[in-house]
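Guided by the hints, dock chain F onto chain G, whose structure is given.
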Amino acid sequence: MKSRTLVRHVKEGGKNLIRNGWMTFASISAVTVMLLVVGAFLLLIMNVNHFATSLEEDVEVRVFIDLIATEENQDELYSQIESIEGVDSIQFVPKDEGLDSLIASLGEQGDIFETLRDENPLNDVFVVQAENPAETEILANEIVDLPYVDTVEYGRDIFEQLFAATDFVRNVGLALILGLMFTAMFLIANTIKLTIIARKREIQIMKLVGATNGFIRWPFFVEGLLLGVLGAIIPIVILSYSYRSFYGSMGEQTGLDFFTFLTPNPILMQMTGLLLAIGAFVGVWGSMMSVRKFLKI
Amino acid sequence: MISMKEVWKKYPNGVMAVNGIDIEIEKGEFVYVVGPSGAGKSTFIKLMYREEKPTRGDILIGGKNLAKIKERQIPLIRRNMGVIFQDFKLLPSLSVYENVAFAMEVIEESKANIRRRVMNVLEIVGLKNKARFYPHEISGGEQQRVSIARAIVNNPSVLIADEPTGNLDPDTSWEIMNILEDINNRGTTIVMATHNKEIVNTIRKRVIAIEGGRIVRDEAKGDYGYEK
Chain G
1 MKSRTLVRHV
11 KEGGKNLIRN
21 GWMTFASISA
31 VTVMLLVVGA
41 FLLLIMNVNH
51 FATSLEEDVE
61 VRVFIDLIAT
71 EENQDELYSQ
81 IESIEGVDSI
91 QFVPKDEGLD
101 SLIASLGEQG
111 DIFETLRDEN
121 PLNDVFVVQA
131 ENPAETEILA
141 NEIVDLPYVD
151 TVEYGRDIFE
161 QLFAATDFVR
171 NVGLALILGL
181 MFTAMFLIAN
191 TIKLTIIARK
201 REIQIMKLVG
211 ATNGFIRWPF
221 FVEGLLLGVL
231 GAIIPIVILS
241 YSYRSFYGSM
251 GEQTGLDFFT
261 FLTPNPILMQ
271 MTGLLLAIGA
281 FVGVWGSMMS
291 VRKFLKI
Chain F
1 MISMKEVWKK
11 YPNGVMAVNG
21 IDIEIEKGEF
31 VYVVGPSGAG
41 KSTFIKLMYR
51 EEKPTRGDIL
61 IGGKNLAKIK
71 ERQIPLIRRN
81 MGVIFQDFKL
91 LPSLSVYENV
101 AFAMEVIEES
111 KANIRRRVMN
121 VLEIVGLKNK
131 ARFYPHEISG
141 GEQQRVSIAR
151 AIVNNPSVLI
161 ADEPTGNLDP
171 DTSWEIMNIL
181 EDINNRGTTI
191 VMATHNKEIV
201 NTIRKRVIAI
211 EGGRIVRDEA
221 KGDYGYEK
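Respectively, the protein sequence lines represent chains G and F.
Residue numbers for the first sequence follow the UniProt record's numbering, beginning at 1 and rising by one.
Residue numbers for the second sequence follow the UniProt record's numbering, beginning at 1 and rising by one.
Some clues are possibly wrong.
[Stated by the list, open to error] Derived coverage of chain G by chain F (criterion: at least 3 residues anywhere in the stretch with Cβ under 8 Å from a Cβ of chain F; other residues may be distant):
{"hint": "1", "segment": "1 to 13"}
{"hint": "2", "segment": "207 to 213"}
[Unchecked claim] Non-contacting residues of chain F with respect to chain G, defined by C-beta distances greater than 12 Å in every case (computed):
{"hint": "3", "residue": "M1"}
{"hint": "4", "residue": "E175"}
{"hint": "5", "residue": "K197"}
[Stated by the list, open to error] Below, in silico cross-link-like pairs of lysine-lysine (BS3-like), each with a Cα-Cα straight-line distance of 27 Å or less:
{"hint": "6", "chain 1": "F", "residue 1": "K197", "chain 2": "G", "residue 2": "K207"}
{"hint": "7", "chain 1": "F", "residue 1": "K197", "chain 2": "G", "residue 2": "K200"}
{"hint": "8", "chain 1": "G", "residue 1": "K11", "chain 2": "F", "residue 2": "K130"}
{"hint": "9", "chain 1": "G", "residue 1": "K200", "chain 2": "F", "residue 2": "K27"}
{"hint": "10", "chain 1": "F", "residue 1": "K111", "chain 2": "G", "residue 2": "K193"}
{"hint": "11", "chain 1": "G", "residue 1": "K11", "chain 2": "F", "residue 2": "K111"}
{"hint": "12", "chain 1": "F", "residue 1": "K53", "chain 2": "F", "residue 2": "K10"}
{"hint": "13", "chain 1": "G", "residue 1": "K207", "chain 2": "F", "residue 2": "K70"}
{"hint": "14", "chain 1": "F", "residue 1": "K197", "chain 2": "F", "residue 2": "K46"}
Hints in this document: simulated from the structure, not taken from any laboratory.
For clarity, every value in this text was computed on a predicted model and none was experimentally measured.
Note that beta-carbon positions come from the ideal geometry of N, C-alpha and C, so glycine has one too.
Looking at chain G on its own, in the form it has when it is part of the complex (with noise of 0.2 Å):
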């Protein structure tokens, strides 16, 4: 296609757009609309999912060794858990660090157990994390049968609640995302129709005169994607400023030291860049919906 032709096809979209008035404004509302929606739950799901993946890291095995262990025996069970399929790392914390973190972590009323220094009633242990966090309790499973194990711990109930809980609020995000697409798809399609409806003398006699299908699809294609494209933009500018106010009020803390918000950047940049080819996508589709049956002619 020659750039003259280009320069003319991108004039009649926008020209369309202006002749159609209050359909455009339907359609953009509509893109909108769905926008801050899909951004929102989008900005929701990449902080879940950022949450999930922070817990799945904490995800852990304990593995209480048994107190009559020599340093041997603890070596040959440690090569035993390396040796199981699945594991990603193996952590030996002596009872003597136990002890510390456990002191630490009681504070003042934790200096009563300074007395048990001498005899440390506590275990050696094991911290073994699984290559897939799913298969914690599996690996959990194995380890327990082993020689010279105590017991081993995991926070298995919670873990499970939460995952189910991420992975809920996911299907739910993406399921109201796709209906919201559709819903604007439709809108826009609509739209051209009527474009396509007010044109069909001209797209008849274009046709008689000897225009290609794509000459005549081009002008559509713009309309489209510039309807899709405008309905992104009041979406990511209320998203970016509210995320970004929500943020700075917020700092990182979320009252659960192990678990932060993402920061705006790179984010925001993501988001942009996702609802600008949403908006495009769904522009493009409802127009070439619309466009494919009137050709027929």
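Same frame as chain G, but now just chain F:
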């Protein structure tokens, strides 16, 4: 130039519009297509610019078989033919100049070429001084002349006219005929469906009469042959 061989057309609703037409039209000929309403004239014309696809048979125009070409080749075929209609089919929002230029924009001609050629054909149809007018500002005859200008602007080898004088008064009809003859004299083949007895009987050309989807008469310098 144009050659139809055993062409049949049956519409999806079961109507048999064209029933085995054979015809040869030479380059540079001027042919009237006459016949009562509903006899298949329109379908015959539509088959020529591939608005309709034949159910059976071959239609050769300029070496291409319209019965066999692919959907996306239709635009290329149309660029080699001009079509004019009873209702002119002009775009009301475009000026006379723009309406004609439109046909050249579609084939991506350069602005300079378009300007030169459009003014040229507007001169041929005698509308050079009305280039800036809009269709609703000019008479029916002038509108038809604009549509003729648009039809010939890309130098087609065939001009197909579907009752071009159907909406015009007698005087204006003669003007249009003069222009069409002029174009024909420049070497363009013209196929014209018409109900205008006076024109057919005065400007004597080859006449093809269609009835019941068949050619019932084909005479060089024939007459209209119907009462109305």
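To see whether the hints hold, each was checked on the structure:
1. Coverage of a stretch by a chain is defined here by at least three residues with a beta carbon nearer than 8 Å to that chain's beta carbons; for the segment 1 to 13 of chain G and chain F the count is 5, and the condition holds.
2. Coverage of the segment 207 to 213 of chain G by chain F holds in this model, with 7 residues showing a Cβ closer than 8 Å to a Cβ of that chain against a need of three.
3. Every Cβ of chain G is farther than 12 Å from the Cβ of F/M1; the closest lies at roughly 18 Å, confirming the non-interface assignment.
4. The Cβ of F/E175 lies farther than 12 Å from every Cβ of chain G, with a closest approach of about 23 Å, so its non-interface assignment holds.
5. With a closest Cβ-Cβ approach of about 28 Å to chain G, F/K197 is found to remain outside the 12 Å limit, as its non-interface label requires.
6. Restraint check: the Cα-Cα separation between F/K197 and G/K207 comes to about 32 Å, which exceeds 27 Å; the hinted pair is violated.
7. Proximity of F/K197 to G/K200 is assessed by CA-CA distance (about 34 Å); at most 27 Å being required, the pair is judged violated.
8. Our distance criterion of 27 Å between C-alpha atoms is met by G/K11 and F/K130, whose separation comes to about 26 Å.
9. Proximity of G/K200 to F/K27 is assessed by CA-CA distance (about 34 Å); at most 27 Å being required, the pair is judged violated.
10. At roughly 31 Å between alpha-carbon atoms, F/K111 and G/K193 are farther apart than 27 Å, so this suggested pair is violated.
11. For the suggested pair G/K11 and F/K111, the alpha carbons sit about 16 Å apart, so the restraint of at most 27 Å is met.
12. Annotation: proposed proximity of F/K53 to F/K10 holds, straight-line Cα distance about 10 Å (limit 27 Å).
13. Between G/K207 and F/K70, the direct Cα distance comes to roughly 15 Å. Compliance with the 27 Å bound is thereby established for this hinted pair.
14. Straight-line distance between C-alpha atoms of F/K197 and F/K46 comes to about 22 Å, which keeps the hinted pair within the 27 Å bound.
Checked against the numbered hints given earlier, this structure breaks hints 6, 7, 9 and 10; the rest are met.
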